[in-house]
Every structure is written in structure tokens, then in C-alpha cells.
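For reference, the chains in residue letters:
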Amino acid sequence: MSARRHPRSTRAIFAWPMFIAVLSLIGLVAGLTGDGARDVLAWLLLGSAPVTIAFAYWRAGRPARPINSPARTKAPSHDRA
Amino acid sequence: MSRGAIRFWYVVHKWSSLIPTLFLLMLCITGLPLIFHDEIDAALGEDYDSTLAGAPSAEGGLPLDTMLAKALAERPGEVPLFMAFSQDSPLLTVTTGPSPDAPGDRMTLLFFDRATGDSLGPAPSGGVMETILQLHTDMLLGLPGMLFLGVMGISFVIALISGTVLYAPFMRKLGFATLRLEKSKRVARLDQHNMLGIVTLAWALVIGLTGAINAFADPLTDNWRDTQVAQMTQAYEGAAPLDPADYGSLDAAMASARETLPGRNPQFIGFPGGGWSSAHHYAIFFQGDRPLTQYLLTPALVDARTAAVTDVARMPAINQALMMSKPLHFGDYAGLPLKIVWALLTLATIWVLWTGVLLWFRRRPGAIDRRIAEIRSGGTTRAPA
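Chains as they are written, first to last, in our numbering: chain H, 377 to 457; chain U, 772 to 1156.
Hint data in this document are derived by calculation from the structure and do not stem from the laboratory.
All figures in this text were calculated on a predicted structure; none of them were measured in a lab.
Wrong hints could be hidden among the right ones.
What the hints assert, rightly or not - Okay, the calculated bits of chain U under chain H, using three or more residues with CB under 8 Å as the criterion:
id, region
1, 774-784
2, 1004-1013
As the list claims (entries may be wrong) - Chain H stretches covered by chain U per the calculated footprint, using a threshold of three residues with CB under 8 Å from any CB of chain U:
id, region
3, 383-389
4, 392-404
5, 407-418
6, 427-438
Glycine residues also receive a C-beta, built at the ideal position from the N, C-alpha and C atoms.
Excised from the complex, chain U in its bound form (with noise of 0.2 Å):
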């Protein structure tokens, strides 16, 4: 490889890691816990999905008008907004608010088990992973928090690639795998910043890429579930907006919806008059079986009067795809021995990123031609760099 393009790759590779460097620490520190948050949660008590005894509340357990109306019995003069099912445990969440479009701030979460009927109270608000999944997500910054994390996660793609490129003339004398610890610090730091990154790469771009498509994926589904939604129910667009009075039997709506659509769980009911429904409709969204398709959301919109089902919408090919690469971020879908891989990985990424700050950091003025020799040498000229 030339000296310009080495120049040009070392170059690439100083600002793209650069820039994220302080970003990528924060998400590597916060996905630590995030990784073992079902274990955490189990530890704080807060995780209701591994306590509670029966069959998940997706599948079975007592009717939905049951589970609705002891939920309206706690929240006199409230009307229902959504139904959440649990895919481990018999956790049901019923969500009400004084009107069907009720803002967030007005809403309550309740927490009831299907399999005995028995209230679980309020939901414990918030706690401690949640203010760290919501820092990983989002940096508590919302929509542009979220987009800017994206940047983030592609500038640190284009950094392993960039840092794949220098690694094959940095190698040329030197065998895989080589470490040279004994000898200056510089050179300590380079092989086992190239080391551990070149071992890790698959995944650290698997994690960076589905990174930045998660964060760009959501706003896309949201926009798709609002024009769906609005696309499926121009029938009934002049129409008065449903009674909440005049809700017709949920259980009904979900045997026929069931119908519909075999072989599929539901993940949750949004009710008739709230952002994800119409006016008319029980909008119950399914999801796959499989950590493979359990985010392909299908929502089939259900008349909540007559309890026909209306229309059902697939996800286009494109939010399919972004919506199934998700948990290839996650690392929790085949048990705490992944979780344990996924737990290294992420510690010998912090030292790659924190060895390259290093490497940048411990350096004098000048440097770049010296760098370019070092990357050509591996690491074994004598001058200072």
C-alpha cells in the first residue's frame, strides 16, 4: 500500500474514531447492564415476568372483558387505551386515561396476572435500567438524541473499516495475534488495540450497524404504522368516533383476529380513539414466534362493535428487514451464555477505543508521517512517535 494511502485510510480512521470516541465509551458502559437487564430486573424484584406462575398472558388464561373490567373497576369513569400481553409470564398490562386520546402524562399502567385475575397495583415507575436503557437509546434527548447516536454508530462502522484496511500493512512482518508487551508502551498499546479489534470486528460491526438501524428503524415504523392505520380505515373516516360505552366483547375480537392470522401471538390491543387505532377499531398487533420475527409488528384492525375484522397490514419488505436485525443488537435471545460473549466483546471494545485514544493522545506534534511509519514498520521503528 502506498504512502498517500495509508495517509488517507490513517486519516479516515483518526476522525471517525475520534469523534464518537466519548459516545461509543457511554453506549459500551450503559450496554453492559442493558445486556443482563432480565437478570437485573430479577434481582430488584422488578421483573414480574419471572415470578409470576401460568401461561403467558399471549396465549391464555382468563377472558379479556374479565381482565378489562377489573381494570375499569380500579379506574372509575377512565376508559381503556391499551392491553399489553406478556410472552413469558401471565403479566397483563392494562393502560387507562380519562378520554380514548388522553396525552401520556394522564395515563396509568396497571399490572394484573390473566392466569389468577389478581391486581398486581400500579407499575413500578421507571427505575434504574430503565434510566439506562433510555441513555443508551436516546441520551434522555428523544428524537434527536436518537438520530445523533445513529450518526455515531455509522462514523464507528466507517472506523472499523477504515482500521480493518491499516491493519494489513501494519501486519505484513508480523504474525496474527502478536503482542508485544514488553516492549515500549506504544507498542503494547498498537498490537493490542489491533488485536482485539481485528478479533472482534464481525461483531463490533454487526453491533454498529444494527446500532444506527435501530435508531433510524423506529422513527421509520412509527411513520408506517401511522399512514397504515389511516390507509386501512378510510371506510370509516366520516364516521362519529365509537362510544367507549358501545366497545363490543374483546375476547370476540381477538378469536376472530386469531382467525385471521394462526400461529401468531398478540403483543398488544390499542383501543378504539387512540394514536394507534381509529376511532372504530381494536388494533391488536401480532408478532412472530421466533427472537427472529418477535418485532414484525402485523396489526389486523378489528371492528369494536361487531368484531370483524376489518383489514390486517403486513410490514413492507424494508421495515421487515430493519425490524428483524434488532435483536442482533441485543445479545439476549440465546441464553446468559451469549450474554457472557456479549459482555467480553463489549469490555474488549472499550479497550480498543480506549487504547486508540491513547495511541492519538500520546503523541507530539507532527506526528503524522511518524504514524505512517509505524503503520508500514509494525510498530518497530526506532523513532519516537
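Here chain H stands alone, though its shape is the one from the complex (with noise of 0.2 Å):
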């Protein structure tokens, strides 16, 4: 999922995001609103941003990238900031 060819629409960009934030705000609302079963909700729900995060890590560490794989030991000099 790195660079593509066809530029994403604004909608395309945010759909991810925006899922997330949702499901964010719910759960935030929902811890707050009452204790049990709405507290488990908070949990999951609000769980989720911490969870795309250690996906995208754990994708990003993934060696099965046949195209990097043989750059990956190191950036090459003249592609340093």
C-alpha cells in the first residue's frame, strides 16, 4: 500500500480517518455515560486507534515486501534528509 499511480480523492483520504475518529467519539461517549457493558464499549471501541497503529507498524516491519526486500538494510546515502 505505498505510492500509487492515480492520486486518492479527499473522500478516499479521509474514510479511514474518519472511521476511526467515530468510532473514538463513541467510545469516549460511551464510557461516560454508563458503567458494565458501556465501559467494555469505551474499551474496544476507543482501543481501535491504538490498534491501527500497531497494525501499521507491525505491516511496516513485515519482511514479505518483495520490492524493498533487497534495500532493506539501509537507506542509501543520497536519500538521507
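Each chain sits in its own coordinate frame; assemble them with the hints.
In C-alpha cells:
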């Protein structure tokens, strides 16, 4: 899921972020308005953000990306900031 | 998005985040232990709420008059100033002083167990968590520090909004949550900054907004309380202050206040003559019974001699909304798992702030045009930024 040929629409760019934002907000309010089941709902919904982060790092560190695998160890020096 | 628009939002993002960065890092770092303050207090043995067994002191236990007599016996010659209740344990605190209008440094705070009537001695002073909380609230600078941090919170919200605007052009050609960690360090930082920032966006907006609201709401609430109590007690204005010897039964006062406000628990009582009451009333401050309403204080003024309720004040809607947003800032309202999520999101925010500083710092002069090119291309331009 790295560089793409065709530019994405703004709606597509914000689809996932909006989804996570809505889950987070529902989770925040659920925990506030009740106990028990609503607390569990709060953990799960707000937990979607750290889970997404963990998934993104796991996917980035996964060795199964043939295009990148030869140059995995170090970036070429001219590419450095 | 045009180059001009990107340039505008880039400049807004840069300054709205650079200026508060140091303070935001301080807030994140002090905020981390505060999330777990219940657990830390319990581990340090400073948390009576978790060690005392019995009904919450806000709901029942020994008569209040008995508890007050015990407190005054420990401080002969002094008068009661405040009595505060716990919603979780039999812990009951009584504040005494040499006179009804004694200043804070002459007050003594005593701890009691309302279930057994045992004295727990003077309150443990301060403690490290108290200092961390003060740093987090006002950097130990009082109201100016609090308002300053409120402004930093607003700046943080502006940084989040401008960052989200810049996210769109940057991500045109990239899939969601792309992390190119093996490219240059700069691209790796950009991707992490963007991914962590956008994923934590909703939570960070809520924390930033409620943090700023807290900073500005407390002074508003103090102001409301002062004017409200003065209005409610106008009828007593000319009367001489009530002598502490003539104070009537606290239990009778509490009973008539509870009759007026059923289904609520008291948070504390302000005694006559202090800053939280009139010269003739017990001011009993009730709170709501759910996390959502626990910060909604409803004071009932009860004539200290006759135990008749003089008046009940309800918070104006604006203060209610401000106070209801408070728990959203703390993340301690739905058990330990939510606190852990809160801490993880705080760590992610620290990393967003840090990568943001590095992205700004590791640059060469005249870089703004390259920055704009970088945002437009999703970080794929070859020019060293």
C-alpha cells in the first residue's frame, strides 16, 4: 500500500481516519454515560486507535515485501534528509 | 489544493505546534502518571478510598454531629470550616480553623472513618502526585499559569486542524497508514507523524478542547459560586453573623437538604462565615451520581440555626456543559483498560510532537518551498528537504 499511480480523492483519503474518529468519539461518550457494558464498549471503540497504530507498524516491519526486500537494511545515503 | 493554500496551512501548522510544543510535552509527561493516580495513590498507601471498608461517607455512617464533635475535640477552641465526603469509602474530612474566615494556611485538615468513627489523623501532606497535578494544571503559577496552559491547549487544537488539512495533499498518492520506515529518516518521520496524528486525531481534539475548557471553566465556576451564594442570601444581609456556638444540627440540615434534592449525594459542606457560604448557612454542595454529572455542583443553602432550606441554586447551562466535559479529559471513568488506552494514546501524542520537532529542526535554510513540494508529493520528492 505504498506509492500509487492515481491520486486518491479527498473522500478516500479521509475514509479510514473518519471511521476511526467516529469509533473513538462513540467510545469516549459510551464510557461516560454508563458502567458495565458501556465501559467495555469504550475500551473496544477507543482501542481501535492503538490497534490501528500497532497494525501499521507491524505491516511496515513485515519482511514480506518483495520490492523493498533487497534494500531493507539501510537507505542509500543520497536519500537522507 | 493550491500551493498558496498549502503554504498558508503549513505556516499555521508550524507556528501553532512549535509554540506550545514544550508545554504539550510537559503536559503529556505529567499526564501519564495522573491517568493512573488511583493506582499510584493506592500503591503509596495514600489512598484511604481503597483501604477503608464500609458505606461511602456521602451516603451514610455515624451521625454528622458525632463526627463533627470528634473533630472539634481534636482541635479545641477552633471552629469547623468544611466537611467533605467520599463517594467511594467511609473517608470523611473535616477542616477546622481558629475563626470562620480563617485563611488557608491556618486551616487544619483532619481525616475520619465515618463507618467506625476512628480518627485517621491529619491529612498526609501534599505528596508527589499532588505536585504533578499542580504542574499539569498551572505549572505551580496559579491562575495565570492555568490560563496560559489553556491558551496552549487552544493552539494545540489549531495545530491538529491545520495538520489534518495538510494530511490530504500529502496522502494523495499514499495508502492509509503507509509507513516507509526504510526510506530516508525524514520520510520515516513524516509518515509516522502523519499516521499517528491522524489516527489519534479525535481523541487528541477532545483532550485539547477539554483541557482548555478546564483551564477556563474553573475561574468561571468560582465566579458563578460567589455571585450565586451572595444572591441567595440577600435576605440575611443585615443580620449579625451566626456565632459558632449557635450552629444547629448538621444531620437535621442534611436531612432537609436531601429532601429538597433527592437522589443526590453531598460532596462537601461549607460552614457559615467562610468563602463558600453565607454568615448564616450551611452550604451543602451536592453532586450528580454518574461520571457525566459528578462535576455538576448544586449548592443547597440551609439555615444553620433552624435547618430550613433557604434556597437551591442550579448551575447555568453553560457552566453545566463546561463541567460535564471535565471527565473526558482525565480518562479515569471506565476502569483500568480505558486508562491503558489513554496512556498508549498519550505516548503516541508524545511521538507526534517529537517527530514534529525533528521535522522542523532538521532542515536547511529557505526550506519552505521544499516543504510545500514535500507535502504535495507525499514525501517522494528527491530534493533534500
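Cross-check of the supplied hints:
1. 774-784: Violated - the region 774-784 of chain U has 0 residues with a Cβ nearer than 8 Å to chain H, which falls short of three.
2. 1004-1013: violated (count 0)
3. 383-389: With 4 residues in contact (Cβ-Cβ under 8 Å with chain U), the coverage given for the region 383-389 of chain H holds.
4. 392-404: holds (count 8)
5. 407-418: holds (count 8)
6. 427-438: holds (count 8)
Hint check: violations occur at hints 1 and 2; the rest are consistent with the structure.
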